[in-house]
Amino acid sequence: MSRDVVITGIGLASSLGEGVEAHAAALAVGAPPVVDAATFAPYPVHRLKPLELDRQIPKKSDQRQMEPWQRLGVYAAGLALDDAGLKEDSEAKATLQVVVAAGGGERDHAVDSAILSGLRGANQPGSFLNERLMGDLRPTLFLAQLSNLLAGNIAIVHGVTGASRTFMGEEQAGVDAVRIAHARVAAGQAEVMLVGGAYNAERRDMLLLLELGGFLRHGDFAPVFARRDGPGAVTGSAGAFLVLESAERAARRGARAHAALGGVVAARSRRAPGSVETTLRGLLGGFGLLGRDVLAVTAASGAAAITDEEAAAIAATGPSRRVATGDLVGHALEAAFPVSVALAAAALSTGQAGQAIVTGAGHWRGEGAAHLMKA
Amino acid sequence: MSARHRDARGRPVVAVTGLGIVTSLGQGKQANWEALSAGRSGIHAIERFPTEGLRTTIAGTVDTLFDGPFAAPELSEKLATLAAQEAIDQSGLAAPGDFPGELFMAVPPVEMEWPQKQELAATIEGEVDYDGLLRAAASQRYRAMHEMFLFGAVADHIAERFGTKGSPISLSTACSSGATAIQMGVEAIRRGETQAALCIGTDGSVHAEALIRFSLLSALSTRNDPPEAAARPFSKDRDGFVMGEGAGALVLEDYDHALARGATILGVVAGCGERGDGFHRTRSSPDGKPAILAMQDALEDAGLKPDDVDYINAHGTSTPENDKMEAMSCAAVFGERMARLPISSNKSMIGHTLTAAGAVEAVISFMTIANGVIPPTINHANPDPAIMLDVVPNTARQAQVRTVISNSFGFGGQNTCLVLTAAPFVPESRA
Numbered sequence: 001m002s003r004d005v006v007i008t009g010i011g012l013a014s015s016l017g018e019g020v021e022a023h024a025a026a027l028a029v030g031a032p033p034v035v036d037a038a039t040f041a042p043y044p045v046h047r048l049k050p051l052e053l054d055r056q057i058p059k060k061s062d063q064r065q066m067e068p069w070q071r072l073g074v075y076a077a078g079l080a081l082d083d084a085g086l087k088e089d090s091e092a093k094a095t096l097q098v099v100v101a102a103g104g105g106e107r108d109h110a111v112d113s114a115i116l117s118g119l120r121g122a123n124q125p126g127s128f129l130n131e132r133l134m135g136d137l138r139p140t141l142f143l144a145q146l147s148n149l150l151a152g153n154i155a156i157v158h159g160v161t162g163a164s165r166t167f168m169g170e171e172q173a174g175v176d177a178v179r180i181a182h183a184r185v186a187a188g189q190a191e192v193m194l195v196g197g198a199y200n201a202e203r204r205d206m207l208l209l210l211e212l213g214g215f216l217r218h219g220d221f222a223p224v225f226a227r228r229d230g231p232g233a234v235t236g237s238a239g240a241f242l243v244l245e246s247a248e249r250a251a252r253r254g255a256r257a258h259a260a261l262g263g264v265v266a267a268r269s270r271r272a273p274g275s276v277e278t279t280l281r282g283l284l285g286g287f288g289l290l291g292r293d294v295l296a297v298t299a300a301s302g303a304a305a306i307t308d309e310e311a312a313a314i315a316a317t318g319p320s321r322r323v324a325t326g327d328l329v330g331h332a333l334e335a336a337f338p339v340s341v342a343l344a345a346a347a348l349s350t351g352q353a354g355q356a357i358v359t360g361a362g363h364w365r366g367e368g369a370a371h372l373m374k375a
Numbered sequence: 001m002s003a004r005h006r007d008a009r010g011r012p013v014v015a016v017t018g019l020g021i022v023t024s025l026g027q028g029k030q031a032n033w034e035a036l037s038a039g040r041s042g043i044h045a046i047e048r049f050p051t052e053g054l055r056t057t058i059a060g061t062v063d064t065l066f067d068g069p070f071a072a073p074e075l076s077e078k079l080a081t082l083a084a085q086e087a088i089d090q091s092g093l094a095a096p097g098d099f100p101g102e103l104f105m106a107v108p109p110v111e112m113e114w115p116q117k118q119e120l121a122a123t124i125e126g127e128v129d130y131d132g133l134l135r136a137a138a139s140q141r142y143r144a145m146h147e148m149f150l151f152g153a154v155a156d157h158i159a160e161r162f163g164t165k166g167s168p169i170s171l172s173t174a175c176s177s178g179a180t181a182i183q184m185g186v187e188a189i190r191r192g193e194t195q196a197a198l199c200i201g202t203d204g205s206v207h208a209e210a211l212i213r214f215s216l217l218s219a220l221s222t223r224n225d226p227p228e229a230a231a232r233p234f235s236k237d238r239d240g241f242v243m244g245e246g247a248g249a250l251v252l253e254d255y256d257h258a259l260a261r262g263a264t265i266l267g268v269v270a271g272c273g274e275r276g277d278g279f280h281r282t283r284s285s286p287d288g289k290p291a292i293l294a295m296q297d298a299l300e301d302a303g304l305k306p307d308d309v310d311y312i313n314a315h316g317t318s319t320p321e322n323d324k325m326e327a328m329s330c331a332a333v334f335g336e337r338m339a340r341l342p343i344s345s346n347k348s349m350i351g352h353t354l355t356a357a358g359a360v361e362a363v364i365s366f367m368t369i370a371n372g373v374i375p376p377t378i379n380h381a382n383p384d385p386a387i388m389l390d391v392v393p394n395t396a397r398q399a400q401v402r403t404v405i406s407n408s409f410g411f412g413g414q415n416t417c418l419v420l421t422a423a424p425f426v427p428e429s430r431a
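First to last, the sequence lines map onto chains A and B.
Using my numbering, read the first sequence as starting at 1 and increasing by one per residue.
Using my numbering, read the second sequence as starting at 1 and increasing by one per residue.
Hints are computed from structural coordinates only; laboratory data are not their basis.
Just so it is clear, the structure is predicted and the values come from calculations on it, not from any experiment.
Ideal Cβ positions, reconstructed from N, Cα and C, are used throughout, including at glycine.
Check the hints yourself; a few may be wrong.
What the hints assert, rightly or not - Calculated cross-link-like contacts (lysine to any residue; reagent style SDA-like; alpha-carbon spacing at most 25 angstroms):
| no. | chain 1 | residue 1 | chain 2 | residue 2 |
| --- | --- | --- | --- | --- |
| 1 | A | K87 | B | G278 |
| 2 | B | K324 | A | P139 |
| 3 | A | K59 | B | R281 |
| 4 | B | K305 | A | G162 |
| 5 | B | K78 | B | K165 |
| 6 | B | K289 | B | P320 |
| 7 | A | K60 | B | S285 |
| 8 | B | K165 | A | G162 |
| 9 | B | K78 | B | A35 |
| 10 | B | K78 | A | R271 |
| 11 | B | K324 | A | K60 |
| 12 | A | K87 | B | K324 |
| 13 | A | K87 | B | H280 |
| 14 | B | K236 | B | A38 |
What the hints assert, rightly or not - Sample of chain B residues at the chain A side, in silico, Cβ under 8 angstroms:
| no. | residue |
| --- | --- |
| 15 | F70 |
| 16 | K117 |
| 17 | Y142 |
| 18 | M145 |
| 19 | E147 |
| 20 | F149 |
| 21 | S170 |
| 22 | P383 |
| 23 | I387 |
| 24 | M388 |
| 25 | D390 |
| 26 | G412 |
So here's chain A without its partners, still in its complex pose (with noise of 0.2 angstroms):
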C-alpha cells in the first residue's frame, strides 16, 4: 500500500521569528539573517528570538522542567498542531504518533567549569569528582538532559499522548525522523504524524562538540555556499514541526494541506570525494524527472567539501530557485532537515513554487532528500 501524504501542519521558530508567515516571507525576499557574531565569538550565531512561551507553554512549572531546546521544541510542536487544526482534537491528539529528532541536553556550564578547575589539583580525583557531582548537579538536570524528553514533554504539554519515538544522531537523525513519518503514513501503519526537531546553538557544549571535529566557520557569517574563506557551519537555534497526515484523511476532515510530500529518501554513504554527490543525486533521481519551478532548499551545513558536493547534485536537477536554509537562519543540526522541509512546505503553500526538492548532507555523515509537491 502506498497512499498520498500531506503537510497539514507546519510549525517554525527560529532568529527569524515564528510562524509560517514570518518564514516564508523571508525565504520569498532572501531575507538577511539574523546572527550574533559577538556572544560566542569567534563562532557566529544565529539566536533564537524570544519567543512568548505563554503562548504554547502555559504553565511556567513546565517551561521552569525543560531545556532552551526542549522549550522551543514543545513551541513549534504547539505551532504545528494549531496550525493543523488538531490542538483541540483530543482524540487525534490521543493516538497521534511522534517523531522527534534530538540531541542531548545542555551541560551546567559554571559547575563543569569549577569541577574541571579543582579536578587538576585534586589528590584523590576520583572521589572530588563524585563529591561535587552529588552535589551540584541539579536533579532535574537529568530528566531535562534525557533526548526523549523533548517528546515526553510535547505529551504533557499538549496531550498527545500517542507513541514517540526520539531519534539521535545530529543531521540525518532529522532526515530519518521525517522518512520513517512519512513512510508510516504511506504504508497506512498511520494516519497521521507529527514530526520534527529543535536545536539550541546557543550553548558551548555544543559547539565544543562541533570544534573538535573543525566544523564551525570562525569569524562573521558568509553564506553557505560562500565560505571558502572559511568553511564550517554557523549553527543557529530553529525548531521545526510537521504534521503528515494521510491525503484522504486530511480531506475527509476538511484540513488544508500546505503541500503533499511525495518522496524521503536516505543513505550513508562512506565519505570520500565526490561521495556526497554521487549519493546526493542518486537520492534526487528516484524522484524521477522533475519539471519546470522547482525550488530548491537545502540544510547542507556549509563543511568544507561537502557543501560543494551538495551545491552540484543540486545544480544537476536545474532547479529554478536555490535557497540554503543555513543563510535564513543557520544550520540547526538535528532540526536542519525538518526545518529545511518545513520551509519548502511554507514556500509551495504561498506559491512559491511549483515544486520542491530538499536536500541535506550531514556535517559528518548522512544524506537525505525529500520532494515535495503543490498540494
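Dock chain B against the given chain A, drawing on the hints supplied.
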C-alpha cells in the same frame, strides 16, 4: 519468491533467525542461559571508578572487554558488536560485512566525558571555562573526540562493520529503547522496505556521572551489600533498580525469505504495542492506562487474546512505583488469570540494562521459549502483599511457553510491549 505467509492482517510475518546477547552474566546465549536458569546474579561492586561518597556502589557492569580506560560509547559499541556478531552468525544470513538489511539501534545518550574534558582542561592556564576548552579544541589536536561523542557514531560504526544497508537509525525511547528498535525493524519488514533487519539495543554507560544522576533521582537501590541481593523486583522491600550493562541483538527476517533459504526460525515477533503517557516526566499514569493499552495493542497487533499468553517477561525494575504499576496493569489486561500467569523479571539478575533492556530481554524471552524453562525472579523472600503475582520466585521453572509478552516502560512516558511467539509449525526450534 512467492509471498505465501501473511499474518492475520495480511502483512509479512516477521521471523527471528538470529539472537545475540552480552550481559554481566557473560558473553553469548549459552553463558547467559546457564546463569539465568540457575538464578545467578551478575550484580557486583563497581570497580571501574572510585565509589567513595556514593549512595549506590553496585552495578551489573561488563568489565572484561577492555584492558585500559574507555568511554561509554566505546563500550556500547563493543557490546553491540559482540551481540550482533553472534546473532548474524546464528542466522547464517549474511556474508561477513554484507548484512542485507537495515539497522535499527537503541543507543544510550552520549556526551563528552570527564577524562576527555580533563585532557582539554590540562592545556588551560588558570581557571577552566568553556571558552578555554573551545580554544583547546580549535587547536585540532583532539579531532578523535568529535567522532567519539557524536550520537550517531556508534550505529555508524556498526553499520560499517556489518555492512547494513540504508541509513542506520539511532534511537532512544529511554528504558524501552531496545523494544522500539525491534518494533522499527518489524515495521520496516511489514512495509516491504527490507527483507531483513538488524535490531540492537546496547548500553555500556555505567560511569560515575550516569550513576550519580540516577542516584539523585532516588531511582537506584542503595542495598549495596551483598550486591547480588539488591535487585528484588515485586518484593515488598524493593528500593530501586540496579544499573546494568549489556546488549541484545536480533536478526529479523521476512518469514518467507527465511523459509526460502532454509533458515532455522527461532520465533516470531508477532505484535508490537506502544503508548505515550502525558501524566508526568518520570511517573506513570496512576491508572496504568498507557501500559494497559500498550499490552492490549501488542496483543491486537499479533491477532492474539490475553488467554494466549503463557508468560510475561516483566519490565520489573525493582523500583517501588514501576512494579506496582506493572502488576496493576497486568491484572487489568489478564484479569483473574493473572494470579496464575507466570511473570518474572530478568532484571533481578542482570540489573536494568536501560537502553538495551528491551532487546536483551527479548533475546532472553526467545531463549525461554526455546528451552521450555522460565528464568526466575531472584531475591524474592518477601512478597509484596499488594502485588500478588506468580513471579517464578527464586528458582527457574519448566513450562511450555509459546507466547510471551515482553514489557518495557521508560521515563518520558514510553511504554512498549512486544508479543513474541514460538516459530509456527516448528515447535522444537532451538535458540
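To see whether the hints hold, each was checked on the structure:
With a C-alpha separation of about 15 angstroms, the suggested pair K87 of chain A and G278 of chain B falls inside the 25 angstroms cut-off, and the hint holds. Between K324 of chain B and P139 of chain A the CA atoms are separated by roughly 24 angstroms; this keeps the pair inside 25 angstroms, and the hint holds. Using a Cα cut-off of 25 angstroms, the hinted pair K59 of chain A and R281 of chain B holds, with the two alpha carbons roughly 14 angstroms apart. About 22 angstroms separates the Cα atoms of K305 of chain B and G162 of chain A, which keeps this hinted pair within 25 angstroms; it holds.
With a C-alpha separation of about 20 angstroms, the suggested pairing of K78 of chain B with K165 of chain B holds against the 25 angstroms cut-off. Using a Cα cut-off of 25 angstroms, the hinted pair K289 of chain B and P320 of chain B holds, with the two alpha carbons roughly 18 angstroms apart. About 21 angstroms separates the Cα atoms of K60 of chain A and S285 of chain B, which keeps this hinted pair within 25 angstroms; it holds. Of the pairs offered as hints, the one joining K165 of chain B and G162 of chain A is violated, with about 29 angstroms between alpha carbons and a cut-off of 25 angstroms exceeded.
Under the criterion of a C-alpha separation no larger than 25 angstroms, the hint pairing K78 of chain B with A35 of chain B is consistent with the structure, at around 22 angstroms. For the proposed pair K78 of chain B and R271 of chain A, the alpha carbon gap of about 23 angstroms is at most 25 angstroms, so the pair holds. For the hint linking K324 of chain B to K60 of chain A, the alpha-carbon distance of about 31 angstroms lies beyond 25 angstroms, and the restraint is violated. Taking the CA atoms of K87 of chain A and K324 of chain B, the gap is about 33 angstroms. The hint is violated against a cut of 25 angstroms.
This hinted pair checks out: K87 of chain A and H280 of chain B have alpha carbons roughly 20 angstroms apart, not beyond 25 angstroms. With a C-alpha separation of about 23 angstroms, the suggested pair K236 of chain B and A38 of chain B falls inside the 25 angstroms cut-off, and the hint holds. For F70 of chain B, the interface hint is violated, since its Cβ never comes within 8 angstroms of a Cβ in chain A; the closest pair sits about 16 angstroms apart. The interface hint given for K117 of chain B holds, since its Cβ lies 6 angstroms from the closest Cβ of chain A, which is under the 8 angstroms cut-off.
For the restraint placing Y142 of chain B at the interface with chain A, the shortest Cβ-Cβ distance is roughly 5 angstroms, inside the 8 angstroms limit, so the hint holds. Taking 8 angstroms as the C-beta contact cut-off toward chain A, the hint placing M145 of chain B at the interface holds, the least distance being around 5 angstroms. The criterion of a C-beta within 8 angstroms of any C-beta in chain A is met by E147 of chain B, whose closest approach is roughly 7 angstroms, and the hint holds. Using the Cβ-Cβ criterion of 8 angstroms, the hint placing F149 of chain B at the interface with chain A is satisfied: the shortest such distance is roughly 6 angstroms.
For S170 of chain B, the shortest C-beta to C-beta distance to chain A is roughly 4 angstroms, which falls under 8 angstroms, so the interface hint holds. Using the Cβ-Cβ criterion of 8 angstroms, the hint placing P383 of chain B at the interface with chain A is not satisfied: the shortest such distance is roughly 31 angstroms. Checking I387 of chain B against chain A by beta carbon gives a least distance of about 26 angstroms; that is not within 8 angstroms, so the hint is violated. Interface hint status for M388 of chain B: violated, as the beta-carbon distance to the closest one in chain A is roughly 30 angstroms, over 8 angstroms.
A distance limit of 8 angstroms between C-beta atoms decides the matter here; for D390 of chain B the minimum to chain A is near 29 angstroms, and the interface restraint is violated. Checking G412 of chain B against chain A: minimum C-beta separation of about 3 angstroms stays under 8 angstroms; hint holds.
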